[in-house]
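Here the structure of chain A is known, so what remains is to put chain B in place on it, guided by the hints.
Sequences listed follow chains A and B, in order.
Quick note: the first sequence, position 319, residue 319 per the working numbering, numbers continuous.
Quick note: the second sequence, position 244, residue 244 per the working numbering, numbers continuous.
Take the hints with a grain of salt, since some may be wrong.
Treat identical chains as interchangeable: a pair holds within one or across any two.
Pairs of lysine-lysine residues, derived as DSBU-like cross-links and limited to a Cα-Cα distance of at most 35 Å, are as follows [claimed, not checked]: (1) K346 to K463; (2) K346 to K379; (3) K94 to K255; (4) K368 to K463; (5) K100 to K255; (6) K90 to K255; (7) K289 to K346; (8) K19 to K405; (9) K456 to K90; (10) K100 to K430; (11) K159 to K227; (12) K479 to K93; (13) K103 to K93; (14) K103 to K255; (15) K19 to K289; (16) K430 to K103; (17) K227 to K379; (18) K19 to K93; (19) K479 to K227.
These are calculated hints, taken from the structure and not from any lab test.
In this text the structure is predicted, and so the values were computed from the model without any measurement.
Protein chains: 2
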Amino acid sequence: MNLLVQHVDVSNRGALLHKSDARSIGVIDGDRIRIVNPANGKSESVVIDTTPSLIEEGHIGVYSLTFGSTELENGQEAEVFESIPPASIKTIKKKMDGGKLSKDEINEVVSDIVLENISLTELTAFVIASYIHGLDMDEVEYLTRAMVDTGDSLEFSTKPVVDKHSIGGVPGNKITLIIVPILAAAGLKVPKTSSRAITGAGGTADLMEVLAPVEFSAAQVQEMTEKAGAVIVWGGATNVAPADDRIINVEYPLKIDARGQMIASVIAKKKAVGADIVVIDIPVGKEAKVATLQEARKLAREFIELGERLELEVECAITFGDLPVGRTIGPNLEVAEALRVLEGSKSPGSLVQKSLAISGIALEMAGKAARGEGEALAKEILESGQALAKMKEIIAIQGGNAEIKAEDIQPGVYSAEVPAPADGYVIDIKNRGLITIARLAGAPNDKGAGIRLHAKRGSQLRKGESIMTIYADNEQKLKNALEEGRRLMPVLVEGMLIDRLPSDAVRLNRMD
Amino acid sequence: MNLLVQHVDVSNRGALLHKSDARSIGVIDGDRIRIVNPANGKSESVVIDTTPSLIEEGHIGVYSLTFGSTELENGQEAEVFESIPPASIKTIKKKMDGGKLSKDEINEVVSDIVLENISLTELTAFVIASYIHGLDMDEVEYLTRAMVDTGDSLEFSTKPVVDKHSIGGVPGNKITLIIVPILAAAGLKVPKTSSRAITGAGGTADLMEVLAPVEFSAAQVQEMTEKAGAVIVWGGATNVAPADDRIINVEYPLKIDARGQMIASVIAKKKAVGADIVVIDIPVGKEAKVATLQEARKLAREFIELGERLELEVECAITFGDLPVGRTIGPNLEVAEALRVLEGSKSPGSLVQKSLAISGIALEMAGKAARGEGEALAKEILESGQALAKMKEIIAIQGGNAEIKAEDIQPGVYSAEVPAPADGYVIDIKNRGLITIARLAGAPNDKGAGIRLHAKRGSQLRKGESIMTIYADNEQKLKNALEEGRRLMPVLVEGMLIDRLPSDAVRLNRMD
Numbered sequence: 001m002n003l004l005v006q007h008v009d010v011s012n013r014g015a016l017l018h019k020s021d022a023r024s025i026g027v028i029d030g031d032r033i034r035i036v037n038p039a040n041g042k043s044e045s046v047v048i049d050t051t052p053s054l055i056e057e058g059h060i061g062v063y064s065l066t067f068g069s070t071e072l073e074n075g076q077e078a079e080v081f082e083s084i085p086p087a088s089i090k091t092i093k094k095k096m097d098g099g100k101l102s103k104d105e106i107n108e109v110v111s112d113i114v115l116e117n118i119s120l121t122e123l124t125a126f127v128i129a130s131y132i133h134g135l136d137m138d139e140v141e142y143l144t145r146a147m148v149d150t151g152d153s154l155e156f157s158t159k160p161v162v163d164k165h166s167i168g169g170v171p172g173n174k175i176t177l178i179i180v181p182i183l184a185a186a187g188l189k190v191p192k193t194s195s196r197a198i199t200g201a202g203g204t205a206d207l208m209e210v211l212a213p214v215e216f217s218a219a220q221v222q223e224m225t226e227k228a229g230a231v232i233v234w235g236g237a238t239n240v241a242p243a244d245d246r247i248i249n250v251e252y253p254l255k256i257d258a259r260g261q262m263i264a265s266v267i268a269k270k271k272a273v274g275a276d277i278v279v280i281d282i283p284v285g286k287e288a289k290v291a292t293l294q295e296a297r298k299l300a301r302e303f304i305e306l307g308e309r310l311e312l313e314v315e316c317a318i319t320f321g322d323l324p325v326g327r328t329i330g331p332n333l334e335v336a337e338a339l340r341v342l343e344g345s346k347s348p349g350s351l352v353q354k355s356l357a358i359s360g361i362a363l364e365m366a367g368k369a370a371r372g373e374g375e376a377l378a379k380e381i382l383e384s385g386q387a388l389a390k391m392k393e394i395i396a397i398q399g400g401n402a403e404i405k406a407e408d409i410q411p412g413v414y415s416a417e418v419p420a421p422a423d424g425y426v427i428d429i430k431n432r433g434l435i436t437i438a439r440l441a442g443a444p445n446d447k448g449a450g451i452r453l454h455a456k457r458g459s460q461l462r463k464g465e466s467i468m469t470i471y472a473d474n475e476q477k478l479k480n481a482l483e484e485g486r487r488l489m490p491v492l493v494e495g496m497l498i499d500r501l502p503s504d505a506v507r508l509n510r511m512d
Numbered sequence: 001m002n003l004l005v006q007h008v009d010v011s012n013r014g015a016l017l018h019k020s021d022a023r024s025i026g027v028i029d030g031d032r033i034r035i036v037n038p039a040n041g042k043s044e045s046v047v048i049d050t051t052p053s054l055i056e057e058g059h060i061g062v063y064s065l066t067f068g069s070t071e072l073e074n075g076q077e078a079e080v081f082e083s084i085p086p087a088s089i090k091t092i093k094k095k096m097d098g099g100k101l102s103k104d105e106i107n108e109v110v111s112d113i114v115l116e117n118i119s120l121t122e123l124t125a126f127v128i129a130s131y132i133h134g135l136d137m138d139e140v141e142y143l144t145r146a147m148v149d150t151g152d153s154l155e156f157s158t159k160p161v162v163d164k165h166s167i168g169g170v171p172g173n174k175i176t177l178i179i180v181p182i183l184a185a186a187g188l189k190v191p192k193t194s195s196r197a198i199t200g201a202g203g204t205a206d207l208m209e210v211l212a213p214v215e216f217s218a219a220q221v222q223e224m225t226e227k228a229g230a231v232i233v234w235g236g237a238t239n240v241a242p243a244d245d246r247i248i249n250v251e252y253p254l255k256i257d258a259r260g261q262m263i264a265s266v267i268a269k270k271k272a273v274g275a276d277i278v279v280i281d282i283p284v285g286k287e288a289k290v291a292t293l294q295e296a297r298k299l300a301r302e303f304i305e306l307g308e309r310l311e312l313e314v315e316c317a318i319t320f321g322d323l324p325v326g327r328t329i330g331p332n333l334e335v336a337e338a339l340r341v342l343e344g345s346k347s348p349g350s351l352v353q354k355s356l357a358i359s360g361i362a363l364e365m366a367g368k369a370a371r372g373e374g375e376a377l378a379k380e381i382l383e384s385g386q387a388l389a390k391m392k393e394i395i396a397i398q399g400g401n402a403e404i405k406a407e408d409i410q411p412g413v414y415s416a417e418v419p420a421p422a423d424g425y426v427i428d429i430k431n432r433g434l435i436t437i438a439r440l441a442g443a444p445n446d447k448g449a450g451i452r453l454h455a456k457r458g459s460q461l462r463k464g465e466s467i468m469t470i471y472a473d474n475e476q477k478l479k480n481a482l483e484e485g486r487r488l489m490p491v492l493v494e495g496m497l498i499d500r501l502p503s504d505a506v507r508l509n510r511m512d
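One chain only, chain A, in its complex shape (with noise of 0.2 Å):
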């Protein structure tokens, strides 16, 4: 059937059709139609959407992947058929029924996924396949191995190249900002490629975007590592295992994190970067991603595994993860803590420790040190204000302020105190209640927004003493953060009632 082009500007591959013509055509929503540019004889398969109203009938919208890549014009008539679904649907089939993929099977789903060549119901099928059945070793390792090669890799001319990941779980975690110049400094290549918040207050690559631009291509990145020694960017603007990015957009909404596929992603993105040595730390703690040591040894080795399998040094840390990392949670308040660690400041204690003790296990794996004497020689560039050169330098040349200095930086205009509720000592701290308040406040796009804590497990604190400030940039938010942190009080004080019914009952009971 021939039908008029009309170019809709959706950023993907697809098309979208009436009713009617789809009816004609025989296919129905998630279905494939090729369609032919008879001009060129350029073609592609894509999945279709339909519409009452939307496009004429007579017409086909184009999305605009599809539309470039074969090069129809508004107003021109394209041929229109059926046409089949791609054999990755067969390879999806086959893991909803507990089968094992062999390598050339996962090559042609990945592959698939990349190129849209299966639609978002057929991308979740083989996601939730994954998740339920499992996939073992050499799955993950093929799945691995696909992610690289169907994205933008780097390769750089001198070894070590040294990379650090964290899985994530934990507010305030600005320890990349301290690491990386440190092993840049000690002369390693570091091409750190970060990820946005997407539920937390401020990923490394939220907190850089204070300091300079963070979205570069592959080839970019590549230069800027050779030039000076590190980058810290947002992995998300290169084209580095886009396969990932779209598995994790599916897993994102049922909050899954499924093995095998966070595994495999992260090992993914250290190798596509060129990196051959690996430092992986895992926090552990009850509202962390691993909430017991048993299961972070069991993490730890898989990613040894897989590292091996791929000719990656891997090593795990696993720290401590029940408490925010540092005093701040925001971006402006984050990088000011880490700068100011840069510039010399012995506090917070657990941040420098933190920092320390990963940047020494990866100048230990590095040949940098002699085992046990990482830390050491960490400890000595951090001192010494080399850490802080090279931060200036990788600030440079991502085309930021390189003068910049911690007091420059400051959080949002409006603040607002919580104060204790009760006489007595902090007996917790909430990760998830200090991360809600957060992004209540505005974090990760109002730079300024955040929490200052005053307050660690053991403090002692007087009723009505400031526990924590909150931070905004916009005063409905600083609003909404302070009710809702009275709310969550993620800062439990001893003494002071945990809970409140409508009725008596609590009261009751505790007078029984």
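Structure of chain B alone, referenced to chain A:
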């Protein structure tokens, strides 16, 4: 955040945000926002899509259902907040992890499916998890009841109300056009909703459309059935068990037909139209949905058990599904063949026999005939012309021409013969090949398109004699179908070359 409303005429719930605004709100594709109309306080929580360009920054594209329910107006400001996911997401996760779902949990999920409270990704996760882990009979019962409760229902003052269903996979299965008037002529109510073909060459609704309009609301179906005793309409136009339609949309691209969901789907639709007696036709054959007799018996037991739980009396007819029913495939051809039987023709035998057998079961169940005497009563009703008279009444009440005769209904004007490639006997007929050819010829949308088979299994043929005639409304489609007919050769003649490879391998093997 406040955004300017812009109606986007996509016929579902949801909203489209510019990527920057989504980022400011802290949401990404697949997340939820709450849209509030400040003028009246009405609000809705919807899953968002994002775009870099279709919607300007500061605007929000609101899809039709949401636009209507919030009573927003173009150009008005709406308040937009991040919103939390519904409890159904936890239920879906529970099924992914192999849990058994309670009645309340399934009710909530089904209700959220119908209200579009859950996204396509989430719905797919539910369907795939139910496919992999299965649903036990309790869960199937809850699902069935929830499907009925979330849609329109019919209720008839007089009983019995009879229905039939064929689970499909056999081409040319036009028996409904004969069974429904026989049962209605016996005084039974038959509010028959049927489907259009998705992968086949003509569903019952596609066939009936040759004779009369088939799109009616549930209330109209009830009213017409009360008057004429029966109707044959398209179920998709009613709002009967709408959750089922959405589930099937997800199963369709993956070609899965999860057992539990399929049984629930069939029984829910029968229950919702008010049936209390149901006959289910389960064709068994190599290329049918059910391949073995054992499998068919198991499926029949499940249908019967679920029927009991919902107070429906169910009997199953296990039928021969290896060959087409009758000699024709495609709307006009099939309708003419069925009308001819109603007008008194005794052939094709396979069509007459199957229609009478299934009618007989229903007549016995409804107490119109003693056990073992239903088929004879059906034959009497058919041969006396009462069934034809009732069919005219059905056609008339649906707004068609009741005076139509079989001879008035002609196949497409373009036709071609497929000649036997060799002398011999017909040893096999491949249903899927026939369906593919009929679809290429234009069925089910081109009503004249289809196939008339001249040879049955066991027929003797001479080389060059016609195996079948292909009809089409369009010359190009006829050519495509004919080409494929010669290539697929779905009618196998003994002695003919079954396959031919590029090399001489086949012939060499034969010489060994």
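Classify it for me, K90 with K255: is the Cα-Cα distance of at most 35 Å met within a copy, between copies, both or neither? Intra 26 Å, inter 10 Å, cutoff 35 Å: intra and inter.
Status of K463 relative to K368 across identical chains (alpha carbons, at most 35 Å): neither (51 Å within a copy, 84 Å between copies)
35 Å Cα cut-off: does K346 pair with K379 within a copy, between copies, both or neither? within (11 Å within a copy, 97 Å between copies)
Between copies, within a copy, both or neither: which fits K456 and K90 at Cα up to 35 Å? Between. Shortest inter-copy distance 33 Å satisfies the 35 Å Cα cut-off; intra-copy 54 Å does not.
Given a CA cutoff of 35 Å, do K19 and K289 count as a within-copy pair, a between-copy pair, both, or neither? between (45 Å within a copy, 28 Å between copies)
Intra/inter-copy verdict for K227 and K379 if alpha-carbon distance must be at most 35 Å: within (24 Å within a copy, 91 Å between copies)
Intra- versus inter-subunit Cα pairing at 35 Å for K103 with K255: Both. Shortest intra-copy (28 Å) and inter-copy (24 Å) distances satisfy the 35 Å Cα cut-off.
At most 35 Å between C-alpha atoms: does K430 with K103 qualify within a copy, between copies, both, or neither? between (43 Å within a copy, 34 Å between copies)
Between the shortest in-copy and the shortest cross-copy C-alpha distance, which are at most 35 Å for K100 and K430: within, between, both, or neither? For K100 and K430, the Cα distance is within 35 Å only across copies (31 Å; inside one copy 41 Å).
When no copy is specified for K479 and K227, does a C-alpha distance of 35 Å or less occur within a copy, between copies, both, or neither? For K479 and K227, neither the intra-copy (46 Å) nor the inter-copy (64 Å) Cα distance is at most 35 Å.
Can you tell me if K159 and K227 fall within 35 Å by alpha carbon in one copy, between copies, both or neither? within (14 Å within a copy, 85 Å between copies)
Within, between, both or neither: how does the pair K94, K255 come out at a Cα-Cα threshold of 35 Å? Intra 24 Å, inter 12 Å, cutoff 35 Å: intra and inter.
Hint compliance for this structure: hints 4 and 19 are broken, all remaining hints hold.
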